[in-house]
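Asker: Each chain, written out:
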Amino acid sequence: MKKMSDVTLTIDGKQIKVPSGTTVMQAAEKAGLSIPALCYDPELSIAGSCRMCVVEIDGMNNLPTSCSTVATEGMVVQTKSKPVIEARKMVLELYLADHPLDCMTCQKNGNCLLQKYAYEYQVKDTPFKENKHRYPIEDNNPFIVRDMDKCINCGKCIRVCDEVQGRNVLQYAYRGYDTKVTTAMDVPLIESECVFCGSCVAVCPTGALLEKKMIGKGQSWEVEKVKTTCPFCGVGCNFDLNVRDGKVIGVTSNPESEVNGRHLCVKGRFGTDYIHHPERITTPLIKKEGVFVEASWDEALDLVSKKFLAMKKEYGNESIGALSSARCTNEENYVMQKFVRAVIGNNNIDHCART
Amino acid sequence: MTNSFKDIEHTNLIFLIGSNPTEAHPILGVKMKKAIRNGAKLIVADPRRTEMADLADIWLPLKPGTDIPLLNGIMHIILKEGLWDKEFVENRTENLEELKKTVEAYPPEKVAEITGIHVELLYQAARLYASTKDASISYTLGITEHVTGTDNVINIANLAMLTGHLGRENVGVNPLRGQNNVQGACDVGGLPDVFPGYQKVFVPEIKEKFTKAWGVELSGKLGLTIPQMFDQAIEGTIKGMYIMGEDPLLSDPDASHVERGLNSLEFLVVQDLFMTETAKLADVFLPASSFAEKDGTFTNSERRVQRVRKAIDSIGESKPDWMIISELSTRMGYEMNYTHPSKIFEEIAKLTPIYAGIDYERLEKKSLQWPCPTKDHPGTPILHVGAFTKGKGTFKGVDHKPPAEVPDEEYPFYLSTGRRLYHYNVTTQYSESLTEYHPDELAMIHPKDAEKIQLSKEDKLKVTSRRGEVVTAIEITDRVAEGTIWMSFHHKDVPTNVLTNGAFDPITLTGEYKVAAVKIEKYRAE
Ligand code: SF4
Ligand code: SF4
Ligand code: SF4
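Read top to bottom, the protein sequences are chains A and B. Residue numbering for the first sequence follows this note's numbering, beginning at 14 and increasing consecutively. Residue numbering for the second sequence follows this note's numbering, beginning at 849 and increasing consecutively.
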């Protein structure tokens, strides 16, 4: 059978064959060319609104957005021509006209798409001297800070909330220049149906949506990211622990996560702050006359070892039982059951969640 | 799970039984919603009107503890109407006659009476599930925490086999594991009857294999389960316990019985991150490191082995659990000299056929789903393809046993318990963000019941069972049925499990968290 119609097109002088239905943006990516975009996200529906991804296509008058233009046979595309560059600069100037430009204290510094493109296209100032919006910062929930002054209305948060999380908390409200992303009735997130999954934060290209607890804790290049598995439920999402100076400052999505991609729930994304909780017990304790007193590892393990050995001798191997844990690693559970079987000498090993 | 999460995303029908994924397994809830958006049908059997029940094509609000008659009734209809998968049953299963005999006694009218579900809904659910080619069942604690938990699981397998919904893509029977590594803890032998890889302790060749590997004589006698340990502690035969990373006093049913057990011990060692309710009773507390401070692996509900990576050094003097146990073991005269968790994993793989092909190097590139018997095996996303592990799938009819405790004159309400989105057993209590957002336990009560005792939103409710009482803040909502109180068990200030029942599933000995009888009154501070 003949393969369902492939199309061949030329992008920046490069010939490339793609299945029909492929967009110019996807075709370019396949050809190893990256086209800038602010509102486009491969996982979400196409908005075609930011106009950063415009390209020049032979035979077309205006500059079409590559994310929403389907590649056709024989198409000739320019992604870096002069008109394209000019158009993109104009787009960026318009965004910057209504942006705080306080990059040096912004948590998103070094990680912001608007900043990245402004740098790439060297857009420093803007001829559009309109009044900048000034919205109050919303930070009355424990998880997410919304600074709508930094919002570029790309709509990714709206789409991810609806299309991935199935929550539909966010929408566009007001008109024209005053267009703004809001909850229903423009109430704060905490009063909305938001479940604080943070997927909107994960897709936001700017500093408009931020993880509250991470603000001021480290800039992108100071933070080491360590991919790991969520300690909370049996879905087993993966994410990056963000570490600075030996401290976990928060969690960010790792798109390479096999189970969950960039998406997490409130527990995985915001619940790991228990790691550094002040009530963590970090010294061995021995109870003496009813109260715990601090001890060295040597003392504590010595006591446990002597006690268990004495009990084995006095009451027999069957007199001791152990619980391993559905929250510990496989390796730890293995070592625990081996300890019970090989050292204590019985099979009295179980764990709480037998379900 | 017989299948993978991916299959749930692509299935044409999700039958959710006693499961509330949008709260207990949120990212799975997201995947289910995606399937539904793409046209999958949804049947939800749950006494509570959960978020998924709102989305369901068919919601079956059954009375607590009546899952077995519900499924029997559905199978009765499927058999009567000839909707079963004759080819699958013929080729892959045995013992259909026994199942037929059992479900014969569950005509829809009778089932409607026991479960409280309308006959018409029973027909609709049976027809929809049986006639959809790619249909999957997911269930969670709701169903395994009843006294008849094991029977429930068998009955779900009956239904899936009868309709041929096993052994291929986008179908299957999916028990959703509660805590993050329940699957792994079971896989590597954290159970009283099996060595790692579900190899029975009483089979002589297996015992021999482990005796050889570990170089000591081992016991072939079945060990004690948790409830048995506490019973025997009270009787005085268990004298010492070593508890790692669990808080049975908060999370196990019938807390006062557990407490009596713990208090009867001569010596208790608790190894944990925090001073848990259980730890307060310990003689020695050993400070463990959190998941961020260690390397290792977790195995998720779909049997996927994934890496846990050390991000920071152990806090204070705390140590990873594996290290503490190894040092203790060495002190007690049995050397354990693991230098790194990867070495422990190598040993697991050597002794555990389902993990044999997995190592850290492979996991660095990609997670793997067991069984993965060899280094070049790609892992197993779907179980029972072509044949069941044990050859033919055996039908086994199961009969309805009412819950061990049902409401009566003195205790007229059902108490039902579960998990909430913002909390997860115990650790989340130490997350400042999560606690700030959802600080209090809120018991759910139906508006009519609240009205009867003149309870308003700000009032507190006293809930009493035969075993104890708690006082709790409330949420008045018609998501629970009249005559039912719903609570979670995450909060140490409202230890819900002093109320729950210590009756156990005779086979798995899982506690009956889900159903207990209680009475309620408006709380008045004295
Ligand atoms: S946190 Fe989640 S639910 Fe809340 S607005 Fe963002 S995407 Fe929607
Ligand atoms: S908040 Fe962020 S994601 Fe949402 S529209 Fe604004 S810039 Fe885009
Ligand atoms: S992020 Fe949420 S859904 Fe994912 S594993 Fe963690 S607790 Fe489960």
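Derived by calculation from the structure, the hints in this document are not laboratory data. Source: prediction; values computed, not measured. Careful, some of the hints might be misleading.
[Claimed, not checked] Derived pair list, reagent style DSS-like, types lysine-lysine, alpha-carbon separation capped at 27 Å: (1) A/325 / B/1069; (2) B/928 / B/882; (3) A/325 / B/1213; (4) A/300 / B/1128; (5) A/240 / B/1055; (6) B/928 / A/326; (7) B/1158 / A/230; (8) A/320 / B/1128; (9) B/1191 / B/1048; (10) A/326 / B/1060; (11) A/325 / B/1158.
Asker: List, from low to high, the hint numbers that the structure doesn't satisfy.
Answerer: Of the numbered hints, 2, 3, 5, 6 and 11 do not hold.
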